[in-house]
Amino acid sequence: MTSIDPSRVMEELQTLRRVGLPGLRLGGHGFPALLAAAHAAQGSTDGPDGAQIEKLLRTAVSGLGDPQLQRAANHGFGLDPGQSHARSMDRRKAAAATYRVSAERFRKVQEPLLLQELTGRILEAVRLREETPDVDEEETPSDCLGPWETRLAQGIASSLVSDGQAEEALKSVLARATSRVGSSGPEAD
Amino acid sequence: MEAAEFAVFFKSEYPALVRHVFLRGFTRDIAVDAAQEAMIRLLTSRDDVRQPRAWIRTTAYRVALATLHDEQRRDQVYRKAATLSWPVPAVPSDKAEQRDEAERATECIKQLPERQRDVMAWFYDGYSPKEIAQMLGIPRATVDSNLRHARKKLKSLLGGADTGEEML
Chain B
13 MTSIDPSRVM EELQTLRRVG LPGLRLGGHG FPALLAAAHA AQGSTDGPDG
63 AQIEKLLRTA VSGLGDPQLQ RAANHGFGLD PGQSHARSMD RRKAAAATYR
113 VSAERFRKVQ EPLLLQELTG RILEAVRLRE ETPDVDEEET PSDCLGPWET
163 RLAQGIASSL VSDGQAEEAL KSVLARATSR VGSSGPEAD
Chain S
6 MEAAEFAVFF KSEYPALVRH VFLRGFTRDI AVDAAQEAMI RLLTSRDDVR
56 QPRAWIRTTA YRVALATLHD EQRRDQVYRK AATLSWPVPA VPSDKAEQRD
106 EAERATECIK QLPERQRDVM AWFYDGYSPK EIAQMLGIPR ATVDSNLRHA
156 RKKLKSLLGG ADTGEEML
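These protein sequence lines are chains B and S, in that order. Each residue of the first sequence is one higher than the last, beginning at 13 in my numbering. Each residue of the second sequence is one higher than the last, beginning at 6 in my numbering.
Treat the hints with care, as some may be off.
Okay, the calculated bits of chain B under chain S, using three or more residues with CB under 8 Å as the criterion [unchecked claim]:
(1) 49-60
(2) 79-88
(3) 155-162
(4) 170-182
Within a straight-line C-alpha distance of at most 30 Å, the following computed BS3-like cross-link-like pairs (lysine-lysine) qualify [said to hold, decoys possible]:
(5) S/115 <-> S/16
(6) S/115 <-> S/135
(7) S/157 <-> B/67
(8) S/16 <-> S/135
(9) B/120 <-> B/67
(10) S/115 <-> S/157
(11) B/67 <-> S/16
(12) S/158 <-> B/183
(13) S/158 <-> S/115
(14) B/105 <-> B/120
(15) S/158 <-> S/135
(16) S/158 <-> B/67
(17) S/135 <-> S/157
(18) B/105 <-> B/67
(19) B/67 <-> S/135
Think of the hints as simulated: they come from the structure by calculation, not from any bench. All of these numbers come straight from a predicted model, not from anything done at the bench. A virtual CB, placed ideally from N, CA and C, is assigned to each residue, including glycine.
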């Protein structure tokens, strides 16, 4: 199982609720746990990081069983059309309105519950993905190069630098290093 | 590091170091210059470099970035996947087959997203996913995921399964 810290996911969700989706559209920096979860849950690293996190969030919200909690999440994170740039407080007020409570009460009672539920959905998505991988992904990548890859890597290197070029480069590097450090530098053989 | 010891290290690491920088999206010329500069800095460093293999890669990458920024300021080169152009052939004609495979591999690698290329560059240098996560400062799960997808794509693009060898 991919190691994803639930408390980090929850902290990052809290930050994301505050900064809203525009915070993701800058590239998703600052949300490493959510990004790792997105990669693991979606089984793909293609596409911008922010878009992957947003997709993960939307999937987690749509998976919430309680419709009221789902509406609150849509309002709170600004997932509804035209709401993504709303201010943090306005989004929280809209979310609180679904429970007919004040924004402050929502922050203390319903919001932690919402973040906890979303964290659970995200971890569940990761677990499900890992338990039901694509047929092609059943071959877990080994931690080292296979023989075909080793040959390929060597081929790329030797095509970039021939033995003669490496020899010339060594002479050049030794000479330049020597001149750089002056008489106290290492001697070239 | 003594000159004799350095020469042995240089011969074993230099081509892989050029490959590393090249695969991370730079031109061959920049990769060669950055690799040599990193080697000079290693040789002249007064600090005790405890992990020289990783050190030269990180240093060469930073040198390449700085070089690129200088060149970008002169509007000459941009760091895009398209800059992974194949260099002037550096191998004898009798190794044409090997070169063709390497060229095809590079063409495929340049189609990968930048992060997958970065991960593959370290992976080709023999680093484990855990070490790559440390080097790139990204989560281990992200490395695993990028590695899995990059290898899968390369396998499908290059027909690795047809070689009869186990790739994944």
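Structure-based check of all given hints:
1. 49-60: The restraint on the stretch 49-60 of chain B holds, since 7 of its residues have a Cβ under 8 Å from chain S and three suffice.
2. 79-88: Check failed, 0 qualifying residues.
3. 155-162: holds (count 7)
4. 170-182: Answer holds; 9 residues pass the 8 Å Cβ test.
5. S/115 <-> S/16: OK: residue 115 of chain S and residue 16 of chain S at ~26 Å, within 30 Å.
6. S/115 <-> S/135: holds, 24 Å
7. S/157 <-> B/67: holds, 23 Å
8. S/16 <-> S/135: holds, 27 Å
9. B/120 <-> B/67: holds, 27 Å
10. S/115 <-> S/157: holds, 15 Å
11. B/67 <-> S/16: Status violated; Cα separation ~47 Å.
12. S/158 <-> B/183: violated, 39 Å
13. S/158 <-> S/115: Given that 30 Å is the threshold and the Cα spacing comes to 11 Å, the pair holds.
14. B/105 <-> B/120: Satisfied, since the Cα-Cα distance of roughly 13 Å is no more than 30 Å.
15. S/158 <-> S/135: Judged against 30 Å, a Cα distance of about 21 Å means the pair holds.
16. S/158 <-> B/67: Holds, at about 23 Å.
17. S/135 <-> S/157: holds, 19 Å
18. B/105 <-> B/67: Cα-Cα ~24 Å, so holds.
19. B/67 <-> S/135: holds, 27 Å
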